[in-house]
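Given these sequences and hints, build the entire structure.
Residues per chain, in single letters:
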Amino acid sequence: MRIAAQPEYAGSASLRRIAGYGPAIVLLVTLVLLWELAVRASQISPRLLPSPFSIVQALFDNWDVISGHTLQTLLETVIGLGIATLLGLTLAVLLDLSPWIRRAVYPLLVISQTIPIIALAPLLVIWFGYDLAPKVIVVTLYCFFPIAVACADGLLGTDTDLLRLMQSMRASRWQILWLVRLPGAMPSFFSGLRIAATYSVTGAIVGEYVAAYRGLGLYMEEAAHSFAVVLVFAAVLVTAVLSLLLFGFVSLLERIALPWYQGAQR
Amino acid sequence: MDTDKLRLEGVTRVFRERRRTLDVLTPIDLTVAQGEFVTIIGPSGCGKSTLFNIIAGVDEPSAGRVAIDGDATTRRAGKSGYMPQQPLLLPWRTVEENVLLGLDVRHVPRKQALEQARELLKRFGLAEFAHNYPGTLSGGMRQRVALLRTVLFNASFLLLDEPFGALDALTRLSLQNWLLDLWQALHASVLFITHDVREAILLSERIYVLSARPAHILRVAEVDLPRPRLQEHLAWEQAIGLERELVALLMKEQGI
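Going down the list, the sequences are from chains E and A. Each residue of the first sequence is one higher than the last, beginning at 1 in our numbering. Each residue of the second sequence is one higher than the last, beginning at 1 in our numbering.
Any given hint could turn out to be false.
[Stated by the list, open to error] Distance ranges between label pairs, derived from CB positions:
1. A:22 with E:113: 38 to 46 Å
2. E:86 with A:107: 21 to 29 Å
3. A:187 with E:104: 38 to 46 Å
4. A:118 with E:213: 53 to 61 Å
5. E:94 with A:107: 22 to 30 Å
[Said to hold, decoys possible] Some chain A residues close to chain E (C-beta under 7 Å, calculated; not the full set):
6. 84
7. 91
8. 108
9. 157
10. 236
Hints were generated in silico from the structure; no laboratory data involved. Everything numeric in this text was worked out from a predicted model, so none of it was measured. No residue lacks a Cβ here, since even glycine has one placed at the ideal position from N, Cα and C.
As structure tokens, this is what we get:
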């Protein structure tokens, strides 16, 4: 007797995935065109509101300067996001150790998110100087929370029947965590990480805005002070692209790490 | 040497929630001899799964004695292969990795565990699915994989909790035959839960009929059919007689 496994439509799935972005691209292009037309048709000074075309033009013209700042920001972001990931995972496992720890620590985590980080950033500069550290800390503060919460929820969502099965096999608490609960929490972890990745660049820029030698935040601030609006927009454009790239990178990582999850999502 | 695989003596279970107490099991005596296939049937919600949890060592009885291989004192967890109603396969593990889960728990080296899993899959006709993820398998296949996982963890004593309950009738028939082959090949002792009287008659040596909650044993029926069992045996006179009797008993108990 044969029972056929369902065939996998891997090829057409990735096509469908790309096609799924179609509406977003159409909307984006439409908005940019409208913006371009509005600026050209109206009497608004390009010094106040530059057209999309001139922004891209300015970006290319200043790329040798902007690229250095971009690399700095990217470095801070990636380090901060990495630390936030480790911290988030550790906190999630810690919260999971006992209901008591959860009840004690969870509120503190929520409170940590109510602190306006823009107010904290100058203090970080006072404590840690102009270098990498304060920016990395700001990124970490922005990013660890969604990771920790998503992962903790994922750990909590383990099927109780599955836990009972593991207990009947005499699995230790750590074996259950390692073999069943952590892998099962990975989809939640990755959705937290994706949210964190979108926040992360903004975090680095907030940190740089306050005090820095280099970085897109510093560049934006200096451009704004010299009324070079088009350069502010150019830096914003780079920020958006960076965030999208990080988001895409996390999604790619997820596809590689969780090949089984693609089929289950249907 | 000839101790029973499982012996329950006066096992009860009372759940206490705040001030209310709920009797789930009133004294239950039950035995499974070495290599015997024993089935428990009873109305829904009568406490069959609670009984299984106790035998599997996941829950403790409020009173009474549970002995596996004559041993009532050491921890029971790990002494049986427990298979819950849902297959509960891990979606991130391939079929062969799912099958060897129990060996991972026992710290068996991966290479050796894989060898055993592959051999078992081959022996019971699932070799071609070894590298599939469970998400790509049909319900019947998942249940087979779950059963092999149970077997690889402990082949001598299987606790199967309604393993075919969620399957369609045809798949169910083929899995029943598959289970009979497997049981015969492994000389396992099996305790099986089902709602299905025909399934119970087809598979078992002995059938325990449980009452509605609080569960006690209404009747113990020996199944007088030859081995190896075939679906045709269900049309034999003694099988039909037993089926009629057990169905009547269960319907009365369910209050229909």
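Hints, one by one, checked against the model:
1. A:22 with E:113: 38 to 46 Å: holds (43 Å)
2. E:86 with A:107: 21 to 29 Å: Check passed, 27 Å falls within 21 to 29 Å.
3. A:187 with E:104: 38 to 46 Å: violated (53 Å)
4. A:118 with E:213: 53 to 61 Å: holds (59 Å)
5. E:94 with A:107: 22 to 30 Å: holds (25 Å)
6. 84: With a closest approach of 5 Å, the residue 84 of chain A hint holds.
7. 91: holds (5 Å)
8. 108: This hint is violated: residue 108 of chain A lies away from chain E, its Cβ roughly 12 Å from the closest one there, beyond 7 Å.
9. 157: violated (12 Å)
10. 236: violated (25 Å)
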